[in-house]
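> Reading the sequence shown from the start, the letters are residues 1 to 451 in the UniProt record's numbering.
Simulated from the structure, these hints should not be mistaken for lab results. Please read all numbers here as calculations on a predicted model, not as lab measurements. It is possible that part of the hints are untrue.
Claimed, not checked - Cross-link-like lysine-lysine pairs, in silico, PhoX-like; alpha carbons within 20 Å at most: (1) K309 with K273; (2) K254 with K143; (3) K122 with K134; (4) K309 with K329; (5) K228 with K254; (6) K143 with K160; (7) K187 with K247; (8) K175 with K134; (9) K16 with K35; (10) K143 with K122; (11) K273 with K215; (12) K349 with K329; (13) K430 with K419; (14) K228 with K249; (15) K291 with K254; (16) K134 with K123; (17) K254 with K265; (18) K254 with K273; (19) K375 with K345; (20) K247 with K228; (21) K187 with K142; (22) K228 with K265; (23) K215 with K175; (24) K160 with K200; (25) K272 with K247; (26) K228 with K187; (27) K251 with K291; (28) K154 with K141; (29) K254 with K309; (30) K325 with K349; (31) K142 with K160; (32) K187 with K143; (33) K291 with K272; (34) K187 with K160; (35) K122 with K160.
What the hints assert, rightly or not - Computed Cβ-Cβ distance ranges for the label pairs, DEER-style: (36) E194 with E118: 17 to 27 Å; (37) K265 with Q397: 51 to 61 Å; (38) A248 with E118: 33 to 43 Å; (39) P236 with M344: 15 to 25 Å; (40) M344 with A256: 49 to 59 Å.
Where a beta carbon is used, it is the ideal one built from N, C-alpha and C, also for glycine.
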Amino acid sequence: MGGLGGIFNDPQMYQKLASNPKTSPLLADADFMAKLQRIQQNPNSVGQEIQDPRFLQVMSVLLGIDMSFGAPPEGASSAGAAPEAEEDVPMPDARPAAAEKKEPEPAPEPEAEPEDEEAIAKKKAQEAADAEKKIGNDFYKKKQFDEAIEHYNKAWELHKDITYLNNLGAAKFEKGDLQGAIETCQKAVEEGRELRADFKALAKAFGRIGTAHEKLGDLAQAIEYYHKSLTEHRTPDVLTKLRNAEKAKAKAEKEAYIDPAEAEKARELGQKKFQEADWPGAVEAFSEMVKRAPEDPRGYSNRAAALIKLMAFPQAVQDCDEATKRDPKFIRAYMRKAQALIAMKEYNKALDACTEASEHDDGTHAREIDQQQQKCLEAQFSARAGETEQQTMERIQNDPEIMSILQDPVMQSILQQAKSDPAALQEHMKNAQVRMKIQKLMAAGVIRLGR
1 MGGLGGIFND PQMYQKLASN PKTSPLLADA DFMAKLQRIQ QNPNSVGQEI
51 QDPRFLQVMS VLLGIDMSFG APPEGASSAG AAPEAEEDVP MPDARPAAAE
101 KKEPEPAPEP EAEPEDEEAI AKKKAQEAAD AEKKIGNDFY KKKQFDEAIE
151 HYNKAWELHK DITYLNNLGA AKFEKGDLQG AIETCQKAVE EGRELRADFK
201 ALAKAFGRIG TAHEKLGDLA QAIEYYHKSL TEHRTPDVLT KLRNAEKAKA
251 KAEKEAYIDP AEAEKARELG QKKFQEADWP GAVEAFSEMV KRAPEDPRGY
301 SNRAAALIKL MAFPQAVQDC DEATKRDPKF IRAYMRKAQA LIAMKEYNKA
351 LDACTEASEH DDGTHAREID QQQQKCLEAQ FSARAGETEQ QTMERIQNDP
401 EIMSILQDPV MQSILQQAKS DPAALQEHMK NAQVRMKIQK LMAAGVIRLG
451 R
């Protein structure tokens, strides 16, 4: 094999291979060139590499002899391979492709004709129905509802689309046939389920049923159908209708519950419970009074008194505000508010409540108001008893209301004048607003510090 390997050391080997059309492509094959170089370096390895059929072609070129050993001629080989390739790989895929593109189009035509005719008829029916709907819409806009109803019915007869029933329901609603509108839209829902109608069309049908029920005054049914509509498809319009219906229902129920006679019974029961020191029972009774007579301030004020006993001071303040909102001259409510605020250590707000009472009082409750103010001031003085001057200063600086009074130019002038003329302070206190501010400053310890 060494002698055979020697032929690969021919100095003109590469020229011969490059000039032959069969072997010239091999020079660009990196794998083949690596094998060729190994043979050149070790001629004894030719026995291993010669198994590569490409080397037969190389040796044939280098030796100048034909080493195909009875292989079919080039033309015969090519001619024989083509049909085999066509039958082996492309044909199975090509036949279905050809059948899809060419043959199936004419072949199924006789079988598809009935379907095409049905589709054409359906399309014509829908076009005719849409034309009827358009005519109905034109009459609807002109408020000629009987004519609109006639054409919507024709549209439904021609083609089953619940849009026509929804329009029919709207026309009946506008005509005033509310029950008819409800029945038509219910039919739209039933038919729509069978026809697998779009959920938006179903939502519209449910919404119109709800609107008709609301028009009839049945808010419970209206709310139910608005919910059904929103379940199918959520729209801002129906959501707004739902919220308004719920508010109207709550208001109607509240108004239906009003009964002055029952309110008086609840008030008497509440007073009895209060006298028995049954504070929760009193709150419950006065709450019933508020429901039965929501515009009577006494219910709120009485409930506030019971809440104070239960130490529910914030709720008591709210009830007092509700009472004075209904009757600004209801002085007792101001007094109870001040009482609750004192308990909350909101002394300045308690003084404000007393001031409000004074502004609305005709003088009948002046003594009661003064007494409540004194209680407030005394409680405030007691709260700061034992404070160091530094603690008092820190408290004042952290009190927004006191700081606001001190920054008031008018009050600054009054306090400056009082330093040189204490009697002037008494003169200024004749003004209710100024007196209230001075009392707050005294209670906070500001005026004491200024002396």
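> Now look at each hint and say whether the structure bears it out.
Consistency of the hints with the structure:
1. K309 with K273: Holds, at about 12 Å.
2. K254 with K143: violated (38 Å)
3. K122 with K134: holds (18 Å)
4. K309 with K329: Roughly 24 Å separates the two Cα atoms, so the pair is violated.
5. K228 with K254: violated (26 Å)
6. K143 with K160: violated (25 Å)
7. K187 with K247: Between K187 and K247 the Cα gap is close to 29 Å, so the pair fails against 20 Å, i.e. violated.
8. K175 with K134: holds (18 Å)
9. K16 with K35: With a Cα-Cα distance of about 18 Å, the restraint between K16 and K35 holds, given a limit of 20 Å.
10. K143 with K122: violated (31 Å)
11. K273 with K215: violated (45 Å)
12. K349 with K329: Judged against 20 Å, a Cα distance of about 18 Å means the pair holds.
13. K430 with K419: holds (18 Å)
14. K228 with K249: holds (18 Å)
15. K291 with K254: holds (7 Å)
16. K134 with K123: holds (16 Å)
17. K254 with K265: holds (18 Å)
18. K254 with K273: violated (25 Å)
19. K375 with K345: holds (12 Å)
20. K247 with K228: Since the Cα atoms of K247 and K228 sit roughly 18 Å apart, the hinted pair holds (cutoff 20 Å).
21. K187 with K142: violated (26 Å)
22. K228 with K265: violated (42 Å)
23. K215 with K175: Roughly 13 Å separates the two Cα atoms, so the pair holds.
24. K160 with K200: holds (16 Å)
25. K272 with K247: Between K272 and K247 the Cα gap is close to 35 Å, so the pair fails against 20 Å, i.e. violated.
26. K228 with K187: Satisfied, since the Cα-Cα distance of roughly 15 Å is no more than 20 Å.
27. K251 with K291: Cα-Cα ~12 Å, so holds.
28. K154 with K141: holds (18 Å)
29. K254 with K309: Outside the cut-off at roughly 28 Å; violated.
30. K325 with K349: This hinted pair holds, its Cα atoms lying about 17 Å apart.
31. K142 with K160: Violated. K142 to K160 sits at ~25 Å, over the 20 Å cutoff.
32. K187 with K143: Not OK: K187 and K143 at ~24 Å, beyond 20 Å, violated.
33. K291 with K272: Holds, because 19 Å separates the two Cα atoms, which is no more than 20 Å.
34. K187 with K160: The hint holds at about 12 Å.
35. K122 with K160: Cα-Cα ~10 Å, so holds.
36. E194 with E118: 17 to 27 Å: For E194 and E118 the Cβ distance comes to about 19 Å; the hint holds.
37. K265 with Q397: 51 to 61 Å: holds (54 Å)
38. A248 with E118: 33 to 43 Å: violated (50 Å)
39. P236 with M344: 15 to 25 Å: Violated - the Cβ-Cβ distance for P236 and M344, about 43 Å, lies outside 15 to 25 Å.
40. M344 with A256: 49 to 59 Å: Cβ of M344 to Cβ of A256: about 37 Å, so the range 49 to 59 Å is violated.
The earlier numbered hints that this structure contradicts are 2, 4, 5, 6, 7, 10, 11, 18, 21, 22, 25, 29, 31, 32, 38, 39 and 40.
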